[in-house]
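All chains should be modelled from the sequences, with the hints used to inform the complete structure.
Chain order of the listed sequences is A and B.
Number 155 in numbering that gives the first Met the number 0 belongs to position 156 of the first sequence; there are no gaps in the numbering.
Number 69 in numbering that gives the first Met the number 0 belongs to position 70 of the second sequence; there are no gaps in the numbering.
Copies of the same chain are indistinguishable here, so a pair counts whether it falls within one copy or spans any two.
Simulated crosslink set (DSS-like; lysine-lysine; CA at most 27 Å straight-line):
(1) 63 / 46
(2) 120 / 218
(3) 46 / 34
(4) 63 / 105
Note that these hints are calculated values from the structure, not bench results.
One letter stands for each residue in the lines below.
Protein chains: 2
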Amino acid sequence: MPHKRSVFFVSDRTGITVEMLGNSLLTQFEEVEFKRVTLPFIDNIEKVHDVISQIEAMHHESGKRPLVFTSLTEDTLRVALAQANAMVLDVFDRFIVPLEEELGVKSSHAIGRSHSAGNFKDYNQRIEAVNYTLAHDDGITNRNLDDADIILVGVSRSGKTPTCLYLALQFGIKAANYPLIPEDLEKLKLPPSLLPLKSKVWGLSIMPDRLAQIRQERKPDSKYASLENCRWEVATAERLMESAGLTYLNSTTKSIEELATTILHEARLDRRVY
Amino acid sequence: MPHKRSVFFVSDRTGITVEMLGNSLLTQFEEVEFKRVTLPFIDNIEKVHDVISQIEAMHHESGKRPLVFTSLTEDTLRVALAQANAMVLDVFDRFIVPLEEELGVKSSHAIGRSHSAGNFKDYNQRIEAVNYTLAHDDGITNRNLDDADIILVGVSRSGKTPTCLYLALQFGIKAANYPLIPEDLEKLKLPPSLLPLKSKVWGLSIMPDRLAQIRQERKPDSKYASLENCRWEVATAERLMESAGLTYLNSTTKSIEELATTILHEARLDRRVY
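See the structure below:
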């Protein structure tokens with residue numbers, strides 16, 4: 000029988016890091032069901048006391064002591080939170096002290112250095128990459144296509160747009176995408192504008208039944224969404240990509256993060272944004 | 000004098016979590032300069048040996064032992080990597096053992112549970128949110144505007160699009176955005192289509208000199224980009240948002256992550272995607 004355990008993610012800033020770390024660890028416990036609460040911007044003692052009340056209430060309600068992942072940086076806040084009747088996993092504590100020893104310097108214990116504004120260069124890189132990616136979504140334009148870091152091709156609805164947006168937002172990579180339309184497929188050739196840029200071109204593929212399911216939601220009972228047509232498009236697109244010598248990834252078996260990271264890594268690009 | 004220290008992020012999957020955690024910790028050491036290398040998809044012993052060679056080479060080159068943040072889940076790989084002549088910070092090690100004790104179950108030690116595909120519901124939520132957000136970028140359409148979870152308003156180039164895309168991609172939130180154009184500003188009124196949806200509307204503002212700088216890159220020496228015009232637009236937009244009773248955030252002092260998280264939190268929305 001699965002037992003539900005409550006989990007709090009407590010941060011003095013966005014909570015993104017501690018939430019991601021905690022969730023990543025929790026996926027290792029498949030048989031346990033978790034109830035998650037994220038509490039960002041906990042940056043004074045009153046808020047910490049309020050967090051403790053919420054933790055205690057949840058403890059009382061569920062009969063099990065909650066897990067608390069925290070990355071509070073200020074000592075007084077961390078010490079206060081550690082008093083909660085819960086299992087407090089303090090990320091800061093477990094890593095900062097050994098890092099201070101290794102680096103031979105004290106940490107700044109300053110709130111909110113990660114995911115905070117102030118780095119104009121990073122911000123501009125991201126915005127520029129997002130703008131570029133939106134302007135070059137779905138083959139809208141060939142203008143400045145050679146400025147792209149990456150060009151993704153694949154049949155309609157194979158996952159190109161979200162992968163490109165992820166590359167732009169998270170890594171500051173300019174990612175264009177280009178649909179392989181039935182005309183390209185019939186010729187078994189890449190669109191001519193991509194030929195001189197082949198070293199930047201990556202393919203996406205997808206399983207035909209999944210593609211049919213996605214297209215069905217957009218254009219129910221169309222030829223476009225039929226399993227037969229999806230099978231033909233996918234098989235032909237894969238033949239095309241193989242004969243063009245492209246590497247292609249499958250968006251059915253990989254998440255957006257995995258697709259984006261794999262492409263970044265295999266293209267030997269460095270992320271532009273931290 | 001700043002000393003440069005090399006840092007490796009080693010993961011059997013994307014490396015996104017360990018990279019984010021590591022970077023977040025490193026921001027606490029401002030006076031140290033770091034050289035970062037991310038090595039994702041390290042999922043067999045040959046790859047671990049290759050990683051160790053890279054670490055040793057960097058050690059030799061820099062004369063300082065590298066930091067290694069790792070989240071390898073397989074015991075044989077973790078044990079092998081721990082032999083590297085480096086400071087190995089093993090995320091898995093430091094958290095999984097106490098979690099196993101607390102939860103009274105063994106972890107699966109399985110590779111690649113986070114950021115991996117397989118959760119169709121999550122994937123569909125994200126794709127649907129991204130499609131919605133793209134279709135409702137920059138006031139393109141009012142169709143289905145009431146399906147939005149969030150509607151962002153602000154002057155042109157105040158950061159609406161990247162914030163909306165972040166909300167969609169990371170949290171599965173449907174985020175529309177609507178520019179406040181000079182016509183709205185002159186009337187000091189929200190666009191009429193937004194009035195019935197006011198509870199979902201959030202404002203973005205920006206510092207005028209920063210806005211002028213961003214616009215200058217897009218339309219150099221235009222009235223649109225002039226500091227005088229930017230000052231007028233920002234001041235008027237803020238008056239408009241105040242009189243409409245909207246909460247607004249400043250994109251000059253907050254990062255995209257902070258804007259998105261603050262809105263998610265204050266609007267009391269739960270993320271739809273983990």
